[in-house]
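Engineer: One letter stands for each residue in the lines below.
There are 2 protein chains.
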Amino acid sequence: MAADIEFFFDFSSPYAYFASTQVDALAARHGRKVQWRPILLGVVFRSTGAAPLTAVPIKGDYARHDFKRTARLHGIDFNLPDPFPIPTQAAARAMLWTRASHGDAQAIALAKALFRAYFVDNLDISAPESVVKVAVATGLDAQQVAAGLDSAAVRAELKAGTDEAMQRGVCGAPFLIVDGEPWWGFDRFGQVEDFLSSQQRAQAAPAGKA
Amino acid sequence: MAADIEFFFDFSSPYAYFASTQVDALAARHGRKVQWRPILLGVVFRSTGAAPLTAVPIKGDYARHDFKRTARLHGIDFNLPDPFPIPTQAAARAMLWTRASHGDAQAIALAKALFRAYFVDNLDISAPESVVKVAVATGLDAQQVAAGLDSAAVRAELKAGTDEAMQRGVCGAPFLIVDGEPWWGFDRFGQVEDFLSSQQRAQAAPAGKA
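Residue numbers (the working numbering), protein chains in the order written: chain Y, 8 to 217; chain Z, 8 to 217.
Source of the hints: derived by calculation from the structure; they are not laboratory data. Where hints are given, some of them may not hold.
Identical copies look the same in the list; a pair holds intra-copy or inter-copy alike.
Stated by the list, open to error - As a list, the in silico EDC-like pairs of lysine to aspartate or glutamate whose alpha-carbon atoms are at most 20 Å apart:
#1 K40 x D111
#2 K75 x E188
#3 K75 x D201
#4 K75 x D186
#5 K75 x D194
#6 K75 x E200
#7 K166 x E200
#8 K140 x D128
#9 K75 x D89
Here chain Y stands alone, though its shape is the one from the complex:
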């Protein structure tokens, strides 16, 4: 059985949003599943010295242009939200709580709904109330989510997950780890696809006859 693909993301990254619309299908084409792992890019940036793309002189203009172009080229709904970027603790914690309490499928559905709320409907999901609103629309209970995303266990899990990601070399988002191989950026999904194909061929080869 081929290992899961690890998908590290922050809910405030446009490229991670683009990735979120394609990563499950990419994995499925190669008989894989995806582990969705929310992290806090702000914490990573404190280690790498990076800043939000749109805040960087020269690069900011390019990034805004490239966000829209990338969405258009891939046929993905997208509006650059305002405010941007935003803190994403509430969204990430809500996803982790949902996984623990309702399982992976429900958590991934929530993650996709949160990305869409922010990058299509311009809902500021930095506010816990907004996160709860989105969660309710995916069938979750408002009070349970509100309490869950504020729990100490979930806070600790997000912190530990972000730290572990950095220790394993996650330097930005989206970031995939596939059979130990790291890939940073939505624009590398073509390479990931080729890599998955080659791993599949290697696995299909009869033992001892590589």
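Please build the complex by placing chain Z on the supplied structure of chain Y, with the hints as guidance.
Structural biologist: Below, chain Z without anything else, positioned relative to chain Y:
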């Protein structure tokens, strides 16, 4: 006649080196020529706050891995040089002087030889003497190149070229501008190829019958 592709690069960027091995062929497939435009990435970095990739925590390890992987995937000769990165004023000025004195073809041949000297043969081309050595191997005169790369006119041209690039949004290297459309990164050459194809189809459509 379709406009030239502008190719902005710094001689110390591995991704620009990779681009330099493919950009002429990419352009030729679509009936285009390439304007090779050396810039100083260090000057750009002072505006964007960026640092050499390999010097950045976490990102540095990823970059070193990705340099080698990219070279392997594209079948490009590559050794990460030591020292890396290096100042590239001498190399850039030598190229500009060669263009002014011997024309574009000779200047591009020199640029390719300089990239190769640094990223394949591990020659530290920050030293003007090393640049002269490479230039001589491409058929240029040692004394003329040595004097040329040190001339005030060429110094001013490199400074002005770098400033103009930044004003036009060049935020890194390699950076292509194609019919006004900006592309940053060797990993976007696939998108550039698609864009060139669509521009070619648009141009081939009979006037008034788009």
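Engineer: Does each hint fit the structure? Answer for all of them.
Structural biologist: Consistency of the hints with the structure:
1. Taking identical chains as interchangeable, the C-alpha atoms of K40 and D111 lie at most 20 Å apart only when both belong to the same chain, with a minimum of 11 Å there against 52 Å between chains.
2. Taking CA atoms no more than 20 Å apart as the test, K75 paired with E188 passes between copies only; the shortest distance there is 13 Å, against 29 Å inside one copy.
3. Taking the closest pair of Cα atoms, K75 and D201 come within 20 Å of each other only across two copies (17 Å); inside a single copy the shortest separation is 26 Å, beyond that limit.
4. Taking the closest pair of Cα atoms, K75 and D186 come within 20 Å of each other only across two copies (18 Å); inside a single copy the shortest separation is 31 Å, beyond that limit.
5. Taking identical chains as interchangeable, the C-alpha atoms of K75 and D194 lie at most 20 Å apart whether they share a chain (14 Å) or sit on different chains (18 Å).
6. When the C-alpha separation of K75 and E200 is checked against a cutoff of 20 Å, the pair qualifies only between copies, where the shortest distance is 18 Å, while the shortest distance within a copy is 23 Å.
7. For the homomeric pair K166 and E200, neither the shortest alpha-carbon distance inside one copy (30 Å) nor that between copies (42 Å) is at most 20 Å.
8. Within a single copy, K140 and D128 get their C-alpha atoms as close as 13 Å, which meets the 20 Å cut-off; across copies the closest is 59 Å, which misses it.
9. When the C-alpha separation of K75 and D89 is checked against a cutoff of 20 Å, the pair qualifies only within one copy, where the shortest distance is 15 Å, while the shortest distance between copies is 38 Å.
Consistency note: the structure conflicts with earlier hint 7 alone.
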